[in-house]
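Let the sequences and hints guide you as you build the complete structure.
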Amino acid sequence: LARPDAPDAPPTNNDTSVSETDLLRNQVLDVVASQLDAGLALISDGDRPTDGMTGWVLDRLAGFELRPAEATPVAARREPWDFPEFFARAYSARDVQTLLPVCTGAVAWAGSDLVARDIANLVDAAPGTDAADLFLAAPGPGSITRACANLHYEDVEDYEKAVAHALAPAYAAVVDAGLTLQVGVEWAGSRRRLARDLELLDEALRNVPGDGVRLAVSYGNVEGPHHDDPALGDILDLLLRAKPCGLCVVGANGRHEADAEIWDEVSLPDDKVLVQGVIDSTTNIVEHPATVSDRLVRLARTVGAESIIAGVDGAFAPAPGLQREFRVTADVMWAKLAALARGAELAGEELSRGTRVATRTGVSG
Amino acid sequence: MKRSTQEILTTHSGSLPRPPKLRALVHDLAAGERVDPAVFDAEARAAVSEIVAHQLAAGVHVVNDGEVSKHSFSGYIEDRLTGFETREAKPGDSIGDRGVREREQFAEFYGKRPDAFYAKDRAPVRMVSCCVGPIEWRNFDAVERDIDNLAAAIADRDVEDAFMSAISPGDTLRKHPNRYYVSEVEYMQAVGDAMRREYAAIIDAGFILQIDCPDLTTGAHPDHFSKDAFLAEITANVEALNYATRDLPPDRMRIHVCWGSMERPHSLDPEISDLVDILLKARPDGMTIVAANGRHAFEWQSWKHVDLPPGKVVIPGVIDSTTNIIETPQVVARRILRFAEVLGPENLIAGVDCGFQTSVDRDQVTPNIAWAKLRALSDGARLATRELWHA
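These protein sequence lines map, in sequence, to chains A and B. Throughout the first sequence, residue numbering follows our numbering, covering 1 to 365 in sequence. Throughout the second sequence, residue numbering follows our numbering, covering 1 to 391 in sequence.
Bear in mind the hints are in silico, worked out from the structure with no lab data behind them. Since the structure is predicted, the reported quantities are computational estimates derived from the model, not experimental observations. Don't be surprised by glycine CBs; every beta carbon is placed ideally from N, CA and C. Take the hints with a grain of salt, since some may be wrong.
Unchecked claim - Under the rule of at most 20 Å between Cα atoms (straight-line distance), these lysine to aspartate or glutamate pairs were calculated in the EDC-like manner:
hint	chain 1	residue 1	chain 2	residue 2
1	B	21	B	33
2	B	281	B	307
3	B	112	A	325
4	B	304	A	325
5	A	161	A	199
6	B	312	B	7
7	A	243	A	271
8	B	21	A	85
9	A	243	A	211
Unchecked claim - Reference listing, derived: stretches of chain A covered by chain B, where coverage requires no fewer than 3 residues with Cβ under 8 Å from a Cβ of chain B:
hint	segment
10	79–91
11	219–225
12	284–294
Here it is in structure tokens:
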């Protein structure tokens, strides 16, 4: 979730009378209270403890150090080549993150204390909420191995396996505490790569029950052309084979709005739940609750209301280096989340005229 | 006006990305710099030809000149009419400010946008362009030049229909408080009579006239008037429009109705159902509406409760002109088909929510993305056509 008035950096602790621990606890309290105020049913800590994947990896995994990125990672997508004009405008060169975690030693889990702290902070901030309705987000193994260059392992497969292995306790800790784990998988240009990422993910989840996990599919959460995104139908077979029971999909933007038509042909397995994006996280136009309801009702008529959770296309925290005009500000974000909750309520009313349903709202990232 | 009788026709809301050379000249002119008129005219003529070719290549049916010669869809009128001068604002002046409540409610958003548009209206307006003399044409040549350029650009090309935009009388009345005419009615008629000359020339040239009507939506201060006052104001603006078009053929005209072209919260926009009855009283048969962005995407449903008068054509936006995410043809088709089910395909033309470069210095969507979006529009319309006529 976007931070109020400070999208560029995590807030610095200027007040020395407040410890870092208290500062974080207060931030989580705030962000949880705001989600409850907005009317959301599934609550996260808004990723307050980390600031994107870089922080998550450096703080929680051994074997990585921050180094200047030697070369831009090979872009797996056609977007920047086909629309250079947009990318030149959307990202400022001087803001682009030039330091990235690089693997320089054996990868191992080193974040038990931090994950315990994050769980406690979230649980304490939402005393009236069922643990299963609280979720914490973590990066998937594929996202880490693609973003962080490997200078240690001779074989890339060994690197991937080591990362998956190190992530297993991170994932297990969240689910063992009764919370829901949200783990991300990013489209990196090919089905082969996606299949590999999901294979690594399942390996990292081997001791975790699938119903404690939701998988968030991302095509890069930026207001860009997205013309080379696959449709959900092009990758759904791979996604449904993965272990997580929850599947968070993009559905509100003009690139993916028609993806839901796949459910006319494919039936959602009984053990799976669809967290459908009905709010676009890349535009500052606030959806009307009636638009949210329209999107949900239409989907519920094919998939069944009991299998849907109303969600957001992607995370609201801005991608590193993204120019301000392409970001959604916190005030707009909260208005969008309120529209999400209200829209889900309207959909529930509309659908309950026929059958009894419960629609719950959640937000990813 | 051509209708979607055998296939879903496509069009857009008027402003398209200006070719870079002309864009620089238009910018310089608007900034008060000297530009050689011969150079400008030659660039404008070439640009219109290029813009028409681009639209046809993208598969758009009802094309225009992209409004490329004007610095803004509404401000151009001050360069062409007499009677306006800057004066000190008086209490009660309608000064074309927008969205006061939205600015208060989303202070962080407005504070963080780098573009000048969002910074506007933060300080109280002290000076305003007023009507201080008779409204007459001083530069009708510019209208004739634009008409000639579009006529030349479509002459040897296979074009379904062509349209040309002009601003509504209501927008001019609202932005320029009257300090000259003895009554508001007289002022309204003077503006209407002047605008009529431009409207008639566009229609006489064989084009569809698109009248841009910000005064029928956000331009009418919907968020700081009471709803009744808002509806009364847009009713008066429709009357001004009907006066200016009183003897012009309805089936050669369409109005463009939107909520402002910018990516901003829009959460205080009224709904189309609040004002559709008033909008349908406007004489032009065609009406573009916003229907692609998330604030208005559900409004296809509103038309279930509307008894569409014979002859009227609705042009819903099925492309969002504020986001760089390019719609898929499947999404476009889906949006069209919903309207087709409610209105009947022959009563709709597929369009775009608003213009892509409504002011020379403002584009939210980069030019090549705008063209890719128009391609998606026509590809999507073809999918819808297949579904409606050949399934």
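Verification of the hints:
1. Taking the CA atoms of residue 21(B) and residue 33(B), the gap is near 15 Å; set against the 20 Å cutoff, the hint holds.
2. A C-alpha spacing of about 12 Å is found between residue 281(B) and residue 307(B), which places the hinted pair at or below 20 Å, so the restraint holds.
3. For a cut-off of 20 Å, the pair hint linking residue 112(B) to residue 325(A) stands: about 8 Å separates their Cα positions.
4. Using a Cα cut-off of 20 Å, the hinted pair residue 304(B) and residue 325(A) is violated, with the two alpha carbons roughly 37 Å apart.
5. Between residue 161(A) and residue 199(A), the direct Cα distance comes to roughly 10 Å. Compliance with the 20 Å bound is thereby established for this hinted pair.
6. With a C-alpha separation of about 17 Å, the suggested pair residue 312(B) and residue 7(B) falls inside the 20 Å cut-off, and the hint holds.
7. Distance check on the hinted pair: residue 243(A) and residue 271(A) sit about 10 Å apart at the alpha-carbon level, within 20 Å; holds.
8. With a C-alpha separation of about 17 Å, the suggested pair residue 21(B) and residue 85(A) falls inside the 20 Å cut-off, and the hint holds.
9. Restraint check: the Cα-Cα separation between residue 243(A) and residue 211(A) comes to about 8 Å, which is no more than 20 Å; the hinted pair holds.
10. Coverage of the segment 79–91 of chain A by chain B holds. Counting CB-CB distances below 8 Å, 5 residues qualify, and the rule asks for three or more.
11. Here the segment 219–225 of chain A counts 3 residues with a CB under 8 Å from a CB of chain B, which clears the bar of 3, and the coverage holds.
12. Restraint check on the segment 284–294 of chain A versus chain B: 9 residues with Cβ-Cβ distances below 8 Å, three needed, restraint holds.
Against the hints set out earlier in the document, a violation occurs for number 4 only.
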